[in-house]
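Peer 1: Here's the letter readout for the chains.
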Amino acid sequence: MALALQTFSTVRDANAALQAAGTRYLGGGTLVVRAANEGDVSTSSLVRVTDPGLSQITVSGGKARIGASVTMAAIARHPDLASLAPAARAVGGPAIRNMATVGGNLFAPAPYGDFTVALLALDATVSADDGETPIEKFLAGRDGNRAIVTSIAFALPPQGGFRFLKVSRVKPKGISVLSIAALIAQAPDGTVTSARIAFGCMADRPMRAVAAEKALLGKRLTKDGIAAALAVAGEGTAPITDPIASAWYRAEVLPVHLGRLLLA
Amino acid sequence: MAKVPVQFTLNGSEKAEFVDSGTTLLHALRDKIGDTSPKGGCHQGTCGACSVIVDGELRLSCLTLAETCNGAAILTTAGLAEAGVLHPLQRAFLDAFATQCGFCTPGMIMAAKVLLDHTPNPSRDEVVEALSGNICRCTGYEPIIQAVLSAARSNSQNAA
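Just so you know, the protein sequences line up as chains S and R, in that order. Heads up, the first sequence is in our numbering, so the first residue is 1 and it goes up one at a time. Heads up, the second sequence is in our numbering, so the first residue is 1 and it goes up one at a time.
What the hints contain is simulated information worked out from the structure, not anything from laboratory work. All C-beta atoms in this analysis are idealised placements derived from N, C-alpha and C, irrespective of residue type, glycine included. Wrong hints could be hidden among the right ones.
To be verified - These stretches of chain S come out as covered by chain R in the derived footprint (C-beta under 8 angstroms, 3 or more residues):
hint, region
1, 22 to 32
2, 38 to 50
3, 88 to 97
What the hints assert, rightly or not - Heads up, simulated SDA-like pairs for lysine to any residue below, C-alpha to C-alpha not over 20 angstroms straight-line:
hint, chain 1, residue 1, chain 2, residue 2
4, S, K173, R, K3
5, S, K173, R, P122
6, R, K3, S, L5
7, R, K3, S, A2
8, R, K3, S, A4
9, S, K171, R, P122
10, S, K173, R, D125
11, S, K173, R, E126
12, R, K32, S, L5
13, S, K63, S, P86
14, S, K171, R, S123
15, S, K223, S, T193
16, S, K173, R, P143
The whole structure should be built from the sequences, with the hints applied where relevant.
Peer 2: The following block contains the structure:
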């Protein structure tokens, strides 16, 4: 079935058009047009918004707000978002990064959506016309979401406090075996005072590693200090199986890579 | 299905076509306009064979809808040669045996062109990174990397 594209200048009008059955929002096209090319006939109509506000990045007072249409390439080259650049560069190759948007990444099914893993660790807030939602709640309900995401906001991590790792088999770029993001605060003596860790590919969408986070509190980032966290890293995970890796393999290597990220 | 007008410049010349709404740029270029240099490989954004340059940025034409390119300046490999003289990248690909079956070549050359436009003297790592979205099943990549590095060297010699 052919697709019809409707273009709107405001999110409000596009949200109204999105209520029709068989309609999907078109961001960069790397998920939606791909699905159409693969023969997905459940979508007959695409909606997009040209409002330039959706492509803006604002950084002030230690907070960043990224418009939903901002591309991975724009994040990777933004001087104030250097801590997030590794996560933005982890997405696709150069052409994909020029197209793929932050808003779209929120909806990318595993093994995609590496950037959202970073946003989950940063406890981002997802904004739409109907209000703001914490990212964890947003991800849990994303399948039923019908309101266009307009922006994502988060507090910029302190220097050295944010870590990101994507594991793939093909170098330099490949699809994720898994990805891990961690926001860790430490006391001057190195003791972990807070930890927020997110995994990609360990479920059908990015998930928090709640047990590992808890096990890190009060510990130092040493081989012995992280042992308890690694032991419970797999708790609550349900890794995907795909041509890149089996669920068994992902579960086996998760503690290894989490260990490398925490000791780096 | 409603036809929609699409107007852009392709390799410097004005193009105007009516296409079905939802038509990909790849389809419009190949089947409407007749520029078959971008190739349709995977249609999933994985292989890079359809890469073109839209307003100075590398894009996958198989995942780009033609009607979102209204007013854009599009470059494809078919527009690189001038008056029958190959572009330095095309020359370098030939000289370095960087082309075997040739299917990935136009996408590779577009990816390399964007790199050299912004980074005239790239490191090997920068070349590898720039080509990381393009798959080649023939060459093992090394001749392609060497071709891009050699085109960069010959560009800088010509500029000196």
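Peer 1: Could you grab the alpha-carbon distance between K3(R) and A2(S) and see if it respects the 20 angstroms cut-off?
Peer 2: holds (11 angstroms)
Peer 1: Between the alpha carbons of K173(S) and E126(R), is the straight-line distance 20 angstroms or under?
Peer 2: holds (13 angstroms)
Peer 1: Between the alpha carbons of K63(S) and P86(S), is the straight-line distance 20 angstroms or under?
Peer 2: Judged against 20 angstroms, a Cα distance of about 18 angstroms means the pair holds.
Peer 1: How does the coverage statement for the region 38 to 50 of chain S fare against chain R, requiring three or more residues with Cβ below 8 angstroms from a Cβ of that chain?
Peer 2: Holds: 3 residues of the region 38 to 50 of chain S have a Cβ under 8 angstroms from chain R.
Peer 1: Holds or violated: K173(S) and P122(R), Cα atoms, limit 20 angstroms.
Peer 2: It holds: about 18 angstroms lies between the C-alpha atoms, which stays within 20 angstroms.
Peer 1: Under a C-beta cut-off of less than 8 angstroms, do 3 or more residues of the region 22 to 32 of chain S approach chain R closely enough to confirm the stated coverage?
Peer 2: holds (count 4)
Peer 1: With the threshold set at 20 angstroms, check whether the alpha-carbon distance from K173(S) to D125(R) stays at or below it.
Peer 2: Satisfied, since the Cα-Cα distance of roughly 12 angstroms is no more than 20 angstroms.
Peer 1: Next pair to validate is K3(R) with A4(S); report whether the Cα-Cα distance is within 20 angstroms.
Peer 2: Distance of about 10 angstroms is within 20 angstroms: holds.
Peer 1: Between K173(S) and P143(R), is the straight-line Cα distance small enough, at 20 angstroms or below?
Peer 2: Distance of about 19 angstroms is within 20 angstroms: holds.
Peer 1: Measure nothing beyond the straight line between the CA atoms of K3(R) and L5(S); if it is 20 angstroms or shorter, mark the hint as holding.
Peer 2: holds (11 angstroms)
Peer 1: Are the Cα positions of K32(R) and L5(S) separated by 20 angstroms at most?
Peer 2: Distance of about 19 angstroms is within 20 angstroms: holds.
Peer 1: Starting from K171(S), check that the Cα of S123(R) is at most 20 angstroms away, please.
Peer 2: The hint holds at about 17 angstroms.
In summary, the one numbered hint that this structure violates is 4.
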